[in-house]
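My request is simple: use the sequences and hints to build the entire structure.
Using the numbering used here, you'd call the opening residue of the sequence shown number 1 and step up by one each time.
Any given hint could be a false lead.
With a straight-line cut-off of 25 Å between C-alpha atoms, the simulated SDA-like cross-links for lysine to any residue are [claimed, not checked]:
1) Lys99 - Thr19
2) Lys57 - Thr67
3) Lys99 - Thr122
4) Lys57 - Thr110
5) Lys57 - Pro139
6) Lys99 - Ala88
7) Lys99 - Glu22
8) Lys57 - Gly47
9) Lys57 - Thr133
10) Lys57 - Ala132
11) Lys57 - Gly136
12) Lys57 - Leu141
13) Lys99 - Pro139
14) Lys57 - Arg36
15) Lys99 - Thr80
16) Lys57 - Val74
17) Lys57 - Thr122
18) Lys57 - Arg130
19) Lys99 - Glu34
20) Lys99 - Trp28
21) Lys99 - Thr110
22) Lys99 - Gln33
23) Lys57 - Leu112
24) Lys99 - Gly47
25) Lys57 - Val37
26) Lys57 - Gln43
27) Lys57 - Leu151
28) Lys99 - Arg23
29) Lys99 - Leu112
30) Lys57 - Phe46
31) Lys99 - Glu20
32) Lys99 - Leu89
33) Lys99 - Ile44
34) Lys99 - Ile32
35) Lys57 - Leu114
36) Lys57 - His134
37) Lys99 - Phe46
38) Lys57 - Val142
39) Lys99 - Gln29
Note that these hints are calculated values from the structure, not bench results.
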Amino acid sequence: MADAAEGGAMRRGRGRNETEEERADRMWQELIQEVRVAQMGVQILFGFLLTVVFTEKYDDLSGTDQTIYLVTVVLGACATGALIGPVALHRLVAGRRVKPQAVRLASRLTLLGLALLLATTTASLLLILRVATHDGFVPYLVAGVVGWYLLCWLVLPLWVRHRYTSQ
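Here you go:
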């Protein structure tokens, strides 16, 4: 029984026995599942942002708050583009035998989209808290939330990558 366990550990250490194309197929499927989650969030947030300008409250915003709003909308549009980009990329290069390269590019677009989503969420939170409270603690609260996002989205994944992989 110990030999079987050792053999299993050795196989796990060597990774999967897949071709570059098989690996690209598997990684594409994983990436698309991840992108679906991020796309849903950014599209809902962007949709809500687009409606703000049509409310009566918008005219009451200070010049600074209107600028924050405009920056937030542009960030949301860019995040939406980056997170939908992998789908368009796949559709336009499907069948061209470039899936490994497409997966790498789509992965980069997704990371860029997540960074833009972080910026959009940060700017949205800043605007909402400024309008809701007019208080000096808002920047500190927003910084705390950004710190939490960075911990969840960057620090923890990088720690796991460093701790549990040899690459």
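Evaluation of the provided hints:
no.	hint	result
1	Lys99 - Thr19	12 Å, holds
2	Lys57 - Thr67	15 Å, holds
3	Lys99 - Thr122	34 Å, violated
4	Lys57 - Thr110	34 Å, violated
5	Lys57 - Pro139	22 Å, holds
6	Lys99 - Ala88	13 Å, holds
7	Lys99 - Glu22	10 Å, holds
8	Lys57 - Gly47	17 Å, holds
9	Lys57 - Thr133	15 Å, holds
10	Lys57 - Ala132	12 Å, holds
11	Lys57 - Gly136	21 Å, holds
12	Lys57 - Leu141	23 Å, holds
13	Lys99 - Pro139	43 Å, violated
14	Lys57 - Arg36	33 Å, violated
15	Lys99 - Thr80	23 Å, holds
16	Lys57 - Val74	20 Å, holds
17	Lys57 - Thr122	21 Å, holds
18	Lys57 - Arg130	13 Å, holds
19	Lys99 - Glu34	17 Å, holds
20	Lys99 - Trp28	8 Å, holds
21	Lys99 - Thr110	16 Å, holds
22	Lys99 - Gln33	17 Å, holds
23	Lys57 - Leu112	32 Å, violated
24	Lys99 - Gly47	32 Å, violated
25	Lys57 - Val37	31 Å, violated
26	Lys57 - Gln43	23 Å, holds
27	Lys57 - Leu151	34 Å, violated
28	Lys99 - Arg23	10 Å, holds
29	Lys99 - Leu112	20 Å, holds
30	Lys57 - Phe46	18 Å, holds
31	Lys99 - Glu20	9 Å, holds
32	Lys99 - Leu89	10 Å, holds
33	Lys99 - Ile44	30 Å, violated
34	Lys99 - Ile32	13 Å, holds
35	Lys57 - Leu114	29 Å, violated
36	Lys57 - His134	15 Å, holds
37	Lys99 - Phe46	30 Å, violated
38	Lys57 - Val142	22 Å, holds
39	Lys99 - Gln29	11 Å, holds
Violated hints for the displayed structure, listed by number in ascending order: 3, 4, 13, 14, 23, 24, 25, 27, 33, 35, 37.
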